[in-house]
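Colleague: Spelled out from the first residue to the last, the chains are:
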Amino acid sequence: MNIVVAMKQIPDLQQIRIRQRQPVLDGVPAALGIIDKNALEAAVLLKEEEGGQVIVLSAGNEEVEETVKEALAAGADQAFLVLDDSIENADGSLKAPILAEAIKKIDDVGLILFGEGSGDNYSGQLGSRVAELLGLPQVGYASRIQIQDSQAIITRSLEDGDELVKVTMPVVVSVLGDINEPRIPSVTQILKAGRKPKEVLELDELELDLSGLPQIKTLSNLAPETNRKQVKVGSVEELIQALKTEGVI
Amino acid sequence: MNFNLTKEQSLLQAMARDFAEKRLEPIARQIDEENQIPAEILTEMGELELLGIPIGEEYGGAAGGYDGYVLVMEQISRVSGGVAMTMAAHTLGLGALEKFGTEEQKQKYLPDACKGKTIASFAFTEPGTGSDPKQLTSTAVKDGDFYIINGTKRFISNANQPGPCVVFARESESGEVTAFIVDKGCAGYSISEPWAKIGMKGGVLTDIYMENIKVPAQNLLGKLGQGFPILLYGIALGKIGTSTASLGGTLAALEEAVKYVKEKTHRGAPIAKFQAIQLKIADLKIKYETSRWLCYRLGCIANDIKDPGAFAAEAALAKAYCGDTVVEAAKIAMDAHGSYGLMKDYNIERILRDALIGPEIEGVTDMQKMIVAGSVLKG
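Each protein sequence line maps, in turn, to chains A and B.
Take 1 as the starting number for the first sequence in this note's numbering and just add one per residue.
Take 1001 as the starting number for the second sequence in this note's numbering and just add one per residue.
Treat the hints with caution; some may be incorrect.
Some, not all, of what chain A presents toward chain B, calculated at C-beta under 7 Å [claimed, not checked]: (1) Lys69; (2) Glu70; (3) Ala73; (4) Ile184; (5) Thr188; (6) Leu191; (7) Leu222; (8) Pro224.
What follows is a set of in silico ranges between Cβ atoms, one per label pair, in the way DEER data are often shown [claimed, not checked]: (9) A:Val231 / B:Thr1006: 31 to 39 Å; (10) A:Ser86 / B:Ala1276: 35 to 43 Å; (11) A:Asn61 / B:Gly1056: 52 to 60 Å; (12) A:Asp108 / B:Asp1345: 29 to 37 Å; (13) B:Gln1036 / A:Lys217: 53 to 61 Å; (14) A:Leu45 / B:Glu1034: 42 to 50 Å; (15) B:Thr1006 / A:Ile16: 48 to 56 Å; (16) B:Tyr1340 / A:Lys105: 16 to 24 Å; (17) B:Glu1103 / A:Glu163: 53 to 61 Å; (18) B:Thr1006 / A:Gln14: 40 to 48 Å.
Hints are computed from structural coordinates only; laboratory data are not their basis.
Predicted model only: the values in this text are computed from it and were never measured.
A virtual CB, placed ideally from N, CA and C, is assigned to each residue, including glycine.
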């Protein structure tokens, strides 16, 4: 059984600076989404228990070919990439059919894992969209995944409790960030990442007509404005009173 | 000329930073206070192949080159000078074994050491020698298929850990300085209490007492009388580690200063707004970048040493500069902290103590300058 992990290339969030509420992306290196790494770790753990191959799937510009080495170092066995500069900033409505078509080209897929939301826009749509396009069941908010024969037993962590679901594979699963802590890769895993197999497709190799799909145009992307009240207190009592006044305690 | 890191090098650097922040940072103060690295840290470093980065895969290493080694060492040392010191002395010992060891010696000692199951040492210094091999007093007397080694070694890193130790002694028949591989903990091997040094605690320094240690003749490293070239080569390799440990300290000083001056306010504004503080930050950045490129370059040229003498001069240059610079950088960063910097609550207190080790170990700065001057003035 193959486990596909969809991973998104995003700017390295730790290196983004905010200037006049706008993110400054110049010179910021690319990285893979944070929760995507949890999805990958979940896949690698399942592979270690059940066998199979972990295939990382990503669509984006040519830089993805380098960025994906991070996933290959972290335990993915191979990469399946769709590269085209036009999909660098594509939203979920465009990315979903691309990923769905790519998944159709991969044999023996049992699980398709997504992070619950991407590290940059966090729209949280892609897993559901891909499941719909492929006609597969989808389970979100996964905090534990187990395999039993041809079924996946998944714990969903919801606001008011955990839900245990059993679903026949293949299935699309979106995992939570606290499902695991991604392991630290070893030196040789990193150094040999570039030697693992990669299949690279260009966008026009997929039988897709993207012309009719709605495209979302981002008008602005602003950091939240913070207005500090700058209340000065001279004692603990004053602090407690100020917090009560603000309704914090 | 390309100054960009490859993706693999960037990932290696990020991995080392991640390891240092997750595993070392929470216990860095504990390591400093107890002068001891928890065993599980060295075990995990072995599992992650951080203890044999430049060693060939055929001997259990990661074949990551000395350029990969400096990228990792910088990040380790940024968080814990003690762990960096242990790693530097260990890697120096392994480098000498890989270069001069027989195939049998390499297969016997390197795989376990690369995995962190053993930790290597390199023992030249004696109470009376300083950096002068002519003053060496330890002796090795041939006795059938063995050598009997006697003597005292001073300030030896990792001597308290089991593993191979490259020991230099004067072979009695030839009178020549010769290197031997001694299994630490063997009969006749004992160590002093750890020296209570000022910084890089956790990197344990002890004296070694060798009383009639019986070493098999096949543990002679290199050739009889080849001790001096092995020593020069090993010490030059060691300076990659010590220079880069200083680089990591300079990075730590820069980052601590930047963090503090952005948080500390005076009359409602962060002190980073003041030009006097900005000049300190600029000085720190300049010191970091100049040290960084010297170390990265040294790592690159160490991957293919064609002329050991020329490499020794390059290593001395980096060691002299980075060792002095980390002290200056740590002092600037402490000045930026003001009185708070003197307190153990702030990392800069430990960073400055760690920094002071840099110019003094593996040959003091003036010694390095003599090597540099010799290489410039020769001929």
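Colleague: Hint by hint, note whether the structure agrees.
Modeller: Evaluation of the provided hints:
{"no.": "1", "hint": "Lys69", "in the structure": "holds (5 Å)"}
{"no.": "2", "hint": "Glu70", "in the structure": "holds (6 Å)"}
{"no.": "3", "hint": "Ala73", "in the structure": "holds (6 Å)"}
{"no.": "4", "hint": "Ile184", "in the structure": "holds (5 Å)"}
{"no.": "5", "hint": "Thr188", "in the structure": "holds (5 Å)"}
{"no.": "6", "hint": "Leu191", "in the structure": "holds (6 Å)"}
{"no.": "7", "hint": "Leu222", "in the structure": "violated (22 Å)"}
{"no.": "8", "hint": "Pro224", "in the structure": "violated (19 Å)"}
{"no.": "9", "hint": "A:Val231 / B:Thr1006: 31 to 39 Å", "in the structure": "violated (51 Å)"}
{"no.": "10", "hint": "A:Ser86 / B:Ala1276: 35 to 43 Å", "in the structure": "violated (50 Å)"}
{"no.": "11", "hint": "A:Asn61 / B:Gly1056: 52 to 60 Å", "in the structure": "violated (37 Å)"}
{"no.": "12", "hint": "A:Asp108 / B:Asp1345: 29 to 37 Å", "in the structure": "violated (57 Å)"}
{"no.": "13", "hint": "B:Gln1036 / A:Lys217: 53 to 61 Å", "in the structure": "holds (59 Å)"}
{"no.": "14", "hint": "A:Leu45 / B:Glu1034: 42 to 50 Å", "in the structure": "violated (34 Å)"}
{"no.": "15", "hint": "B:Thr1006 / A:Ile16: 48 to 56 Å", "in the structure": "violated (23 Å)"}
{"no.": "16", "hint": "B:Tyr1340 / A:Lys105: 16 to 24 Å", "in the structure": "violated (60 Å)"}
{"no.": "17", "hint": "B:Glu1103 / A:Glu163: 53 to 61 Å", "in the structure": "holds (60 Å)"}
{"no.": "18", "hint": "B:Thr1006 / A:Gln14: 40 to 48 Å", "in the structure": "violated (20 Å)"}
Hint check: violations occur at hints 7, 8, 9, 10, 11, 12, 14, 15, 16, 18; the rest are consistent with the structure.
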